[in-house]
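There are 2 protein chains.
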Amino acid sequence: MAQEEKKFTDVNELGEFGLIDHLTRGIDRFQASTIKGIGDDAAVIRSGRNTIVATTDSLVEGIHFDLTYTPLKHLGYKAVMVNLSDIYAMNAYPTQIMVSLAISSKYTVEALEVLYDGIKSACQRHGVDIVGGDMTSAPRGMMLNISALGQTREEQLTYRNTAQPGDLICVSGDLGAAYLGLQLLEREKEVYLSDKKAQPQLDEYNYLVGRQLKPEARKDIIDMFDQAEFLPTSMIDISDGLASEIFHICTQSGTGAVIEEAKVPIHSQAEKLAFDFKLDPITCALSGGEDYELLFTAAEKDLEKVRYLTDVAIIGKILPADQGVRLLSSGGRYHTIKAQGWKHF
Amino acid sequence: MAQEEKKFTDVNELGEFGLIDHLTRGIDRFQASTIKGIGDDAAVIRSGRNTIVATTDSLVEGIHFDLTYTPLKHLGYKAVMVNLSDIYAMNAYPTQIMVSLAISSKYTVEALEVLYDGIKSACQRHGVDIVGGDMTSAPRGMMLNISALGQTREEQLTYRNTAQPGDLICVSGDLGAAYLGLQLLEREKEVYLSDKKAQPQLDEYNYLVGRQLKPEARKDIIDMFDQAEFLPTSMIDISDGLASEIFHICTQSGTGAVIEEAKVPIHSQAEKLAFDFKLDPITCALSGGEDYELLFTAAEKDLEKVRYLTDVAIIGKILPADQGVRLLSSGGRYHTIKAQGWKHF
Chain A
1 MAQEEKKFTD VNELGEFGLI DHLTRGIDRF QASTIKGIGD DAAVIRSGRN TIVATTDSLV
61 EGIHFDLTYT PLKHLGYKAV MVNLSDIYAM NAYPTQIMVS LAISSKYTVE ALEVLYDGIK
121 SACQRHGVDI VGGDMTSAPR GMMLNISALG QTREEQLTYR NTAQPGDLIC VSGDLGAAYL
181 GLQLLEREKE VYLSDKKAQP QLDEYNYLVG RQLKPEARKD IIDMFDQAEF LPTSMIDISD
241 GLASEIFHIC TQSGTGAVIE EAKVPIHSQA EKLAFDFKLD PITCALSGGE DYELLFTAAE
301 KDLEKVRYLT DVAIIGKILP ADQGVRLLSS GGRYHTIKAQ GWKHF
Chain B
1 MAQEEKKFTD VNELGEFGLI DHLTRGIDRF QASTIKGIGD DAAVIRSGRN TIVATTDSLV
61 EGIHFDLTYT PLKHLGYKAV MVNLSDIYAM NAYPTQIMVS LAISSKYTVE ALEVLYDGIK
121 SACQRHGVDI VGGDMTSAPR GMMLNISALG QTREEQLTYR NTAQPGDLIC VSGDLGAAYL
181 GLQLLEREKE VYLSDKKAQP QLDEYNYLVG RQLKPEARKD IIDMFDQAEF LPTSMIDISD
241 GLASEIFHIC TQSGTGAVIE EAKVPIHSQA EKLAFDFKLD PITCALSGGE DYELLFTAAE
301 KDLEKVRYLT DVAIIGKILP ADQGVRLLSS GGRYHTIKAQ GWKHF
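Note that the protein sequences, when read in sequence, are chains A and B. Each residue of the first sequence is one higher than the last, beginning at 1 in our numbering. Each residue of the second sequence is one higher than the last, beginning at 1 in our numbering.
Honestly, the hints are just simulated from the structure, not real lab data. Remember, predicted model here, so these are calculated numbers, not experimental data. Possibly wrong hints are sitting among the right ones.
Below, a sample of chain B positions facing chain A; criterion: calculated Cβ distance under 7 angstroms [what the hints assert, rightly or not]:
(1) Gly26
(2) Arg29
(3) Val60
(4) Val131
Beta-carbon label-pair distances, calculated as ranges [what the hints assert, rightly or not]:
(5) Phe30(B) / Gln227(A): 47 to 55 angstroms
(6) Ser104(B) / Asp276(A): 31 to 39 angstroms
(7) Leu193(A) / Leu193(B): 54 to 62 angstroms
(8) Phe30(B) / Tyr308(A): 39 to 47 angstroms
(9) Glu300(A) / Pro139(B): 47 to 55 angstroms
(10) Pro139(B) / Glu271(A): 29 to 37 angstroms
(11) His335(B) / Arg153(A): 34 to 42 angstroms
(12) Pro200(A) / Ser104(B): 28 to 36 angstroms
(13) His335(B) / Pro139(A): 30 to 38 angstroms
(14) Lys305(B) / Asp220(A): 31 to 39 angstroms
(15) Lys301(A) / Phe30(B): 54 to 62 angstroms
(16) Gly166(B) / Gly18(A): 56 to 64 angstroms
(17) Pro200(A) / Asp117(B): 47 to 55 angstroms
Partial selection, computed: residues in chain A whose CB lies under 10 angstroms from chain B [as the list claims (entries may be wrong)]:
(18) Phe30
(19) Gln31
(20) Ala42
(21) Ala43
(22) Ala54
(23) Val60
(24) Ile103
(25) Gly127
(26) Ala138
In this text, a Cβ means the ideal position worked out from N, Cα and C, and glycines have one as well.
Hey, can you work out the whole structure from these sequences and the hints?
Structure below.
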């Protein structure tokens, strides 16, 4: 008789979200101060009458960044922004970060100074303190992990699981540009590797390159909500692409949604480069990721408030769950939107 | 004329603490809520009437652990303990952690389940919630970063910079055992690599191996302080060895110190293995590290309280700065203690 083989499961079978769910399912809750654990942009912790939000994110060399075309200063800046974006997505304000750095011996003190210049510059811009961290060597490359804390009043928090059918779906800025910036940088790297005298052709697409290398967390949007006395019914930041994020909101809220292709904001440079690369701009917007824009929903009664928000587009509507999550194409056809994410495994 | 060369500095010239100081010197403070930033076991953040403490620590494969002899379950457990130990060293209680994991494709779902079993087991034992994290792939190996949050009342906090001449120097548990456990595991690995049929000889030194692979953060000591209504004048946890930690306390407090060799607690197995390895047990205690015991100072008036604390030894005295930081050997001679740390670069 054949001996039974022990079966091992590749992490790709579960994907990032599936894997986190799988590993943390059924964990006990011991602390009354834990209001929200895993499953939103940040954890929510009660501290007396205050509310603390906390999040963490890592950037790994060779996975999230390529130092061939990523200046260390921009890398430091981006590592902070990725975390601050998660705090803003809770409608909270970031207050402190901790920086953990693992580096191989190829990095000199001068290189780390430049990296820290980027980290400090991001903190200065957003009024955030660097309060801790640790530094260690690594056998190869660099890994930069940042944890961020923020504060807000509990009634101001915006979660992912509180959208309601009828709500308007809104997004800040424009989408797909960071992804296209990355494609451009990758192409120029290939050109450079095959001809070391080649000069990169980036001027025409400076906006896209900037979106990839130096994203900006949308504090201005949160400030504007506050001034307009507007509170989204749900919110998430766009790190994995519009498709993935609207899926999170709908799955967690128990709703469906429709997004209108024609209303999704796409920058003219993104349209142009997508055409050059024979890519569909809406696909870049749906699945590209790294936009660090805010995707939020607004109650119908707030339509007049939302309509006049600067740099915000209304792109669709939350529907009952049985309607599914769909894209209404410019040609008038409906397409089912599929969840994305876990691009790095 | 010779062209001036741009000089690059190797990180080893500064060491871990020098490098962190160098990179974070003169950073701005924007948030009134930041009570203590870099430079203690954990950051201290005000939140209304409450106080939050926050810390972060990473374990990198090939630097901090070797999977040849480190079971994944123990690795997960230890990664949590290292962080909780920093929270207890502030005389605070840990409440939440976030887990960031970067892994190469060699890790299966089943392997990660075992790792998480260790993480969950540590959290259960200390009543701590896992509230977030992120998971990503890495080109090679594994890196595990944990951030921990804790809470306490502000007047209960114990810092590193508040020791006073005349204070008693105290330590929990025993020292040097984790370092000797590591030496033993490394030796057995060499034996195994040269003869795959060899069986590891660990039984005689099970205490030492346990101290290396499965350290326990000293919640019991903090509980005892609370029951005895005792507040240390300063405290730090022992991660880099007694020498390094007493140096931190003295440098930051502006004091000297004397430690009596004969009073430093060393386990009998540690004494024995040190003898086998031709090592000086006190050197292992001073410079070995990874003990995760608590080193604290007590006002003279608290002598009677401290004397009756379980598993706590009084090992020396804080002195004025001009006395230096010295070891009084069992032979009656004084030796200057040198700072350690940064073993991983």
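Whether the CB-CB distance between Pro139(B) and Glu271(A) falls inside 29 to 37 angstroms: The hint (29 to 37 angstroms, Cβ to Cβ) holds, given that Pro139(B) and Glu271(A) are roughly 34 angstroms apart.
Mind checking the hinted window 54 to 62 angstroms against the Cβ distance between Leu193(A) and Leu193(B)? violated (39 angstroms)
Chain A contact restraint for Val60(B) - C-beta distance below 7 angstroms: holds (5 angstroms)
Could you tell me whether the CB distance from His335(B) to Pro139(A) stays inside 30 to 38 angstroms? holds (35 angstroms)
Hint check for Asp220(A) and Lys305(B) - Cβ pair distance inside 31 to 39 angstroms: violated (55 angstroms)
Interface hint status, Val131(B) versus chain A (Cβ within 7 angstroms): holds (4 angstroms)
Using the C-beta atoms of Gly166(B) and Gly18(A), is the stated range 56 to 64 angstroms upheld? Holds: the Cβ-Cβ distance is about 59 angstroms, inside 56 to 64 angstroms.
Honestly, do Ser104(B) and Asp276(A) meet the 31 to 39 angstroms range at C-beta? holds (35 angstroms)
Going by Cβ atoms only, is Gln31(A) closer than 10 angstroms to chain B? holds (5 angstroms)
Do the numbers back the hint for Ala138(A), that is, is its least Cβ distance to chain B under 10 angstroms? This hint holds: Ala138(A) lies near chain B, its Cβ roughly 5 angstroms from the closest one there, short of 10 angstroms.
Taking the Cβ atom of Pro200(A) and the Cβ atom of Asp117(B), is their distance within the range 47 to 55 angstroms? Holds - the Cβ-Cβ distance for Pro200(A) and Asp117(B), about 48 angstroms, lies within 47 to 55 angstroms.
At the C-beta level, are Pro200(A) and Ser104(B) separated by a distance inside 28 to 36 angstroms? holds (31 angstroms)
Hint violations for this structure: numbers 1, 5, 7, 8, 11, 14, 15, all remaining hints satisfied.
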